[in-house]
Amino acid sequence: MRFRKLATLALTGAVIAPLLAACGSSGDSKNEIKIAYQRSTDNNSRIMDNFLAGVKKQFEKANPGKKVNLIPIQATENDYYTKLDLMMKSPRTAPDLAYEDTFLINSDIKAGFLRPLDANVKSWDQWSQFQDTAKASVTGLDGKVYGVPDGTDTRGIWYDKRVFAKAGLPTNWEPKSWNDLLAAARQIKKKAPGVIPMSIYTGKASGEASSMQGFEMLLYGTNDQLYNDQQKKWVVGSKGFQDSMNFLKTVYSTGLGPKPSQALDANISTNINTDWFPNQKIGFSIDGSWTANNWISTGPKPWKDWTKNIGWTAMPTQNGQAPGKTSMSGGWSWAITKNAKNPTLAWKFITAMQTEKNAVSYDNASQNIAVRKDVAADAKYQNSSPTVKFFTDLVADTHYRPAYAEYPKVSTVIQEQMEAVTTGSSSPAKASADYDKAVADIVGNNTTKDSGPAK
Amino acid sequence: MTASATAERTPAAPETSGAARGTMRGRTIVRGLPLLPAVVLLLIFLAGPIIYCIYYAFTDMQLTGATTTNFVGLANFRKAFGDDQFYNAILQTLIFTVLSAIVGQNLLGLAIALLFRLATKVLRSIVGALVIAAWVVPEIVAGYLMYAFFRDEGSLNEILKFLHLPQQNWLYTLPILAVSLANVWRGTAFSMLVYSAALAEVPAELTEAAAMDGAGVWQRFWHVTLPTIRRSVATNLMLITLQTLSVFGLIFAMTKGGPSNKSTTLPIYTYQTALQNYEIGYGTAMALVLLVIGALFSLVYLRALRPEAD
Chain B
1 MRFRKLATLA LTGAVIAPLL AACGSSGDSK NEIKIAYQRS TDNNSRIMDN FLAGVKKQFE
61 KANPGKKVNL IPIQATENDY YTKLDLMMKS PRTAPDLAYE DTFLINSDIK AGFLRPLDAN
121 VKSWDQWSQF QDTAKASVTG LDGKVYGVPD GTDTRGIWYD KRVFAKAGLP TNWEPKSWND
181 LLAAARQIKK KAPGVIPMSI YTGKASGEAS SMQGFEMLLY GTNDQLYNDQ QKKWVVGSKG
241 FQDSMNFLKT VYSTGLGPKP SQALDANIST NINTDWFPNQ KIGFSIDGSW TANNWISTGP
301 KPWKDWTKNI GWTAMPTQNG QAPGKTSMSG GWSWAITKNA KNPTLAWKFI TAMQTEKNAV
361 SYDNASQNIA VRKDVAADAK YQNSSPTVKF FTDLVADTHY RPAYAEYPKV STVIQEQMEA
421 VTTGSSSPAK ASADYDKAVA DIVGNNTTKD SGPAK
Chain F
1 MTASATAERT PAAPETSGAA RGTMRGRTIV RGLPLLPAVV LLLIFLAGPI IYCIYYAFTD
61 MQLTGATTTN FVGLANFRKA FGDDQFYNAI LQTLIFTVLS AIVGQNLLGL AIALLFRLAT
121 KVLRSIVGAL VIAAWVVPEI VAGYLMYAFF RDEGSLNEIL KFLHLPQQNW LYTLPILAVS
181 LANVWRGTAF SMLVYSAALA EVPAELTEAA AMDGAGVWQR FWHVTLPTIR RSVATNLMLI
241 TLQTLSVFGL IFAMTKGGPS NKSTTLPIYT YQTALQNYEI GYGTAMALVL LVIGALFSLV
301 YLRALRPEAD
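So the sequences go chain by chain: B and F.
Under UniProt numbering, the first sequence has 116 at position 116, and the numbering climbs by one with no breaks.
Under UniProt numbering, the second sequence has 72 at position 72, and the numbering climbs by one with no breaks.
Among these hints, one or two may not hold up.
With a cut-off of at most 27 Å between alpha-carbon atoms, the simulated BS3-like pairs for lysine-lysine come out as follows [to be verified]:
id, chain 1, residue 1, chain 2, residue 2
1, F, K79, B, K89
2, B, K437, F, K262
3, F, K79, B, K110
4, B, K189, F, K262
5, F, K161, B, K259
6, F, K79, B, K437
7, F, K79, B, K233
Hints are computed from structural coordinates only; laboratory data are not their basis.
Using the sequences and the accompanying hints, generate a full structural model.
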């Protein structure tokens, strides 16, 4: 009987041991780098995958014996950040290289996930090619560089020339102020019934698109901002904030935008770009530089004539004050994690990715806005799409989000208050007051009444 | 219940010698040994995360933005119970559970199971297949199907338009009702199967005898059928309540908890807090509250499961 007991125990051990061992296996780590990146949830879109596979091939050929292990994470943006942070949290699962949205970079630095790259970039002959705004977007609060940016995006207004012609509006439209936007929307409403005059993202369902393409495109065109860089404090009680909320109220309470139920539908962005625009159901929409990706031959809604029918223009400042237009930018970067097993090899891979040739081919394929001066001046890049020059020029007047650990929470509060104003359950004044209170809760007493100088 | 039953039986059990008892105990252990891997795996993968979750709930752990994790005692719970959105989430969870599980799935499942006994075999197969098809569809797929059905320009409104009935904007005006109906659609099969099995066990003599005594359909159902299947009712209620409390994919796909948090149940709010606002500690504290709500429901049902005192 004792023998049987022992045998069973041994068997148990035999079952469990490999299970536990499997959890900890990491393979040959000395000659291998692991690279984590986001794979699009759209199975037709494999831009980053193809790009990385190409560089991997070059790299493994140039460095015999070294292996590049690509780890695609197929997820939406928010879920990708979550998964990546979970991976970086544990030394066992941390990749060597991580593809990071620059707005989370300070948050991840504070969490101790990333390692500074100052020594690397100092001795790198390509670093001088990067624009200063892009360098700033990967620089932490401690002044150190934590990533190499590979592109950015800007935002503007897309409008349907057919609808504009029908409404008697100019088809080479250049709005100069918020009032111009509202006036155009009113005219569309009057002259082109059945068409949704305009769209500006709002509410929680659209997530960060509401905060960035929606609210911040308004706010950063006023004299106020979310954050005061000099005082290192969050701005509350600003006139610009309330004015922006007022603009939303005007749009949604007077029928100049989609119905609130449409605006708060999580799929509104798909509806606008693959249904409303191609079918002349909308006048204009404030959206990102990548919007035309929907209509190119490899996009979800190929549309041969889109360049004939769709125009693009800059978002004006509130009253046309200097510099006359405004934009918001995000962007991604390659960062080496704190728990990287092979930081040296990882850096080598970054430099292999960021040759001018590779950077041009990636920016072209992804319709990214270049952050390298040589790429921006490259004819191949400039001719890659009819919109690329326009949106690259917006970089001069663009703004970056306050990339601090608290931003994701502040952003959620903005979305909530936008939603309250959109549905009419709150007034712009109350929404502003509620925002002030929520922000104070999030950042402690780190708030100020003074807005920093615009830009 | 087991304790009292054993206590009654023990005096009647034959005397066993100490040595024999020892052997028996040894044999029980050996017989139990093959279960050991299962128990160990359960401890690692089930109890482990729960214990971790309980620990996190008392810390200020964040997914990013902080290097250290500190023990903060009851701070997360104090924060939760001072948070209007948390109360809203509990309220929405209760509405969702009562509407979709306790009333919807349960009653509809029972009704279908009862009607099945009267229906022809062909009809039974067709309806059964339809109901079960809804059940085997993965939750997230069901979510998108129901989104397409309830949305503004969705199938439901097309049907209403065709019938010249007023159209409704379900996902916007009454999102919690829409997701509840979706969950009824998805989950009724389970209750139907449980009740079909239970009704098959009701002795025919009992109902016949009651009919002989002049009891009508309702009286027979109320006084004969229902008391006989009482335990199945309680088991079913417990299972579907626990399933429904944790529904996430369905609601997330249909409404993401909106608009204006009108369909934000506790699992959705926990997700938003822990994984979108990166407050793991606070999020797990909420998950723990959900666990307690589930336990409370279970207690009520377990009481109902106890044998009657007669």
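Each hint tested on the structure:
Between F/K79 and B/K89 the CA atoms are separated by roughly 25 Å; this keeps the pair inside 27 Å, and the hint holds. For the hint pairing B/K437 with F/K262, the CA-to-CA distance comes to about 22 Å; that is within 27 Å, so the pair holds. Under the criterion of a C-alpha separation no larger than 27 Å, the hint pairing F/K79 with B/K110 is consistent with the structure, at around 24 Å. With a C-alpha separation of about 30 Å, the suggested pair B/K189 and F/K262 falls outside the 27 Å cut-off, and the hint is violated.
Restraint check for F/K161 and B/K259: satisfied, since their Cα atoms lie roughly 19 Å apart, inside the 27 Å limit. With a CA separation close to 15 Å, the supplied pair F/K79 and B/K437 stays within the 27 Å bound. A C-alpha spacing of about 24 Å is found between F/K79 and B/K233, which places the hinted pair at or below 27 Å, so the restraint holds.
Violated hints amount to a single one, hint 4; each of the other numbered hints is respected by the structure.
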